[in-house]
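Following the hints, put chain B in place on chain H, whose structure we already have.
Order-wise, the sequence lines are chains H and B.
Numbering follows UniProt numbering, with no gaps: position 212 of the first sequence is 212.
Numbering follows UniProt numbering, with no gaps: position 29 of the second sequence is 29.
Since the hints were made in silico from the structure, they are not lab data.
Any given hint might turn out to be false.
If you want the footprint, here are the derived chain H segments under chain B, 3+ residues with CB under 8 Å [unchecked claim]:
1. 71-81
2. 226-234
With a Cα cut of at most 27 Å, we get these calculated DSS-like pairs of lysine-lysine [unchecked claim]:
3. B:K116 with H:K109
4. B:K116 with H:K122
5. H:K244 with H:K314
6. H:K45 with B:K137
7. B:K137 with H:K122
8. H:K208 with B:K368
9. H:K75 with B:K368
The model shown is predicted, which means the values in this text are computed figures rather than measured ones.
Where is the CB? At the ideal position from N, CA and C, for every residue including glycine.
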Amino acid sequence: MKLTTNKALIGLYLAASTILILSSPARSDGLSLALFTSPLGEVLKTAAIEPFREVTKIDVKADNRDWGIGAVRAKIESDSGVWDLVTVEDAEAIQGCDEGYFAKIDKSKIAGLEDFDLMDDKLECAVPFVFYGTVLAYDKARIGDEPTSWADLWDVKKWPGRRGMNKTPMATLELALMADGVERDQVYAVLATPEGVDRAFKKLDELKPNIVWWQNPGQSRQMLAAGEIVMSVTYDNGIRFFNKTQGTNFGLVRSNTITHVNYWALVEGSKNVDNAYAFLNYAAKPEVQAAVTNGLAISTPNRKAMDFVQSDLKPFLTSNPNNLKESLKLDPQFWVDNYDALSQRFDAWVSAG
Amino acid sequence: MPNIARDQARSERAAKFRALMLVVPILLFLLVVFIGPVVKLLSRSVDDRDVASALPQTAQALAEWRWGTPLPDAAYGAMVGDLRAASTPANLAPAAGRLNYSLPGMRALLMTTRTKLQALDRPEADPKSILISLSAKWAEPATWANIRQAAGPITDFYLLTAVDLKRDFDGSIARVPPSQSSFLPSIRTTFVIAFTVTLLAIVFGFPFAYLMASATERVAGIMMFVVLLPFLTATMVRILAWGILLGREGVINYGLLSSGLVDGPLDLLYNRTAVNIALLHIFVPYMILPLYSVMKTVPLSHMRAAASLGAPPFTAFRRVYLPQIAPGLAAGSLLVFIQCLGVFVVPAILGGAQEQGLPSLIAHYVNKTLNWGLAAALSVILLVSVYLVYWLFVTLTKSASLSLGTR
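Just chain H, same shape as in the assembly (with noise of 0.2 Å):
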């Protein structure tokens, strides 16, 4: 009797292993997409992927890929060919280029590239496809007067009370400095030193009894819906799209945005590469990009574009030259270098008590 539970159970653990390994996506030969796990992954859906499928009847699928490049790197190593193309964020784009797994693209395959001209690296590894900016949002129904500069954030006697930050040191960091008075093209000189580090890190030491940090913008939008802070660090297309569909009045801080642009990069050793270039010519087009833009206030890099945004969007855009000459961009080669060094000092720093 012992022995045939013995048996059953060795049958069982057998069975489970089996299913564990048949249970292994099965691969497509269309076309594969990882995005981000965002709105920003859904308005894709809806205004390039699904009409792409239409018009060409290619099998693609909308797979989502998780935070951080290394996250990207351990499921391209993994499994390749899982993924033909990756959203990425400007620093993922530059160190998948440096590291190979990211290939080159000929731009000239790309039709009306040349119209990227709103913001664009010239990476070569990466077509870009949205940007969007770190701002200063808070409630106007919960508010006085309200804040105007990254210095209004530290400012916890005229406005008591905790703020949201992004549990990243990338951008915040740079906003550390401009509240401590550094102008905004010295931002990167100054940071490039260790005592511009230890500059931007006593300025968040001062902030720090008064910070909730969220990993995810949509809590920063949750936590200034409850009043559970009075401020936060957030996203400026956010604020819009929250405003729109929750029926909220933040307002945000336009002076010295930090600007970060979003990109499609081309997997190296893709199997499906001239799918992959059919759907970049398709989300470069100025009407789908513009149905991102509309779908998210997120600014699309491409100026003709422009011409198919709704028009009340326009104002709160990043791209809007008013907000735009105000806006430090994000120096994602400084944060390939940086990163590791600086988030372990951040993370470490963070959880200290």
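For chain B alone, kept in the frame of chain H given last:
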């Protein structure tokens, strides 16, 4: 006689063998899906072979070099050879990533130097001046010392980093400046939270278990149901519910405000208070159940006997009752304490950044930056601490002639 002994030994061996065969499947299962992966992951905390395998000539050329002495010229040629031998950037990526951990900028330096070298014709002719012309960093001894330290095959870099130490280029171990540290505060946070919650669990769990043990069957049954009730709700739901209760506009603040106890809403969420409350809620049954099980076995007559012999209530409690329930107290504390060391979701949702502790740092390095060496080193620290705590409990309870859970 000897025959009987031999027969007995044989039959015992056979019985042991049968027993062993019965547990073989679960042992194998544990070995394959648990012990094996854990050992493999933890071994990453000292594994350092990426650099030597990507830059074999350089690693060899630097093997004899010591900090403070002139760099052997062979190193430049070896580096040029290694970089040109890397046919794709991906061959170099793991090594570049590893070097970037200990010296920022190394990733870009290796990658761009490789690309530029591939474009050059015969850079082997004068490797030193060519390398230095490509980047001034190649003239800095720190660049080379970093490579030599990472040449493996094993390293103490990750383990030292995890306890805020670093190895200087001359080989001595130094403390990371406090401003730039550190993991130690996170480790402390983890233990402080675990200790606080254990203490709270005793404070709240002890009287409850005592009442339950001395109540009638019926009442004890109801109390037991109350203790087990939270297990019927998903942990996630309980955590999120605390988020709603503790908010600035949540039920608790509403009650406090309308009763006039406070002037403005209190910040109860995203801090230590919220984490302690939620952890207490989740783990207090693990304190109550072992306590109840031993309290149930202590006859009430013991306390009465102590009293009749003239012991004041506290003395009777301390000298008669407490020693008898100590195993339950120890088991409960151990269960709560060790589980608290590993909590991840509660601080992530209800805590501020200062409540995150080791588990979230480990998750961060595993999932996001893929610095598995550092994640493994932090895991080693956590595992060793758990073992130390266990050892401490066992030793302490033994010295009081008690052992865990059994008597």
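Check your understanding: Quick one, are K208 (chain H) and K368 (chain B) close enough, alpha carbons at most 27 Å?
Key -> 23 Å, holds
Check your understanding: Is the straight-line distance between the alpha-carbon of K75 (chain H) and that of K368 (chain B) 27 Å or less?
Key -> 12 Å, holds
Review point. Going straight from one Cα to the other, do K137 (chain B) and K122 (chain H) come out at no more than 27 Å?
Key: Judged against 27 Å, a Cα distance of about 26 Å means the pair holds.
Exercise for review: Count the residues of the stretch 226-234 of chain H whose CB lies closer than 8 Å to any CB of chain B, then report whether that count reaches three.
Suggested key: As far as the stretch 226-234 of chain H goes, the hint holds, because 3 residues have Cβ atoms under 8 Å from chain B.
Practice item. Check whether three or more residues of the stretch 71-81 of chain H sit with their beta carbon closer than 8 Å to a beta carbon of chain B. Key: This one holds; 3 residues, not fewer than the three required, reach chain B with a Cβ under 8 Å.
Review point. Is K116 (chain B) close enough to K122 (chain H), meaning Cα to Cα at most 27 Å?
Key: 19 Å, holds
Check your understanding: Under the criterion that the straight-line Cα-Cα distance not exceed 27 Å, is the pair K45 (chain H), K137 (chain B) satisfied?
Key -> Judged against 27 Å, a Cα distance of about 45 Å means the pair is violated.
**Study point:** Given pair status - K109 (chain H), K116 (chain B), alpha carbons within 27 Å
**Key:** 26 Å, holds
Review point. Straight-line Cα separation of K244 (chain H) and K314 (chain H) no greater than 27 Å?
Key: Between K244 (chain H) and K314 (chain H) the Cα gap is close to 14 Å, so the pair holds against 27 Å.
In this structure, only the earlier hint numbered 6 is contradicted, and the remaining ones agree with it.
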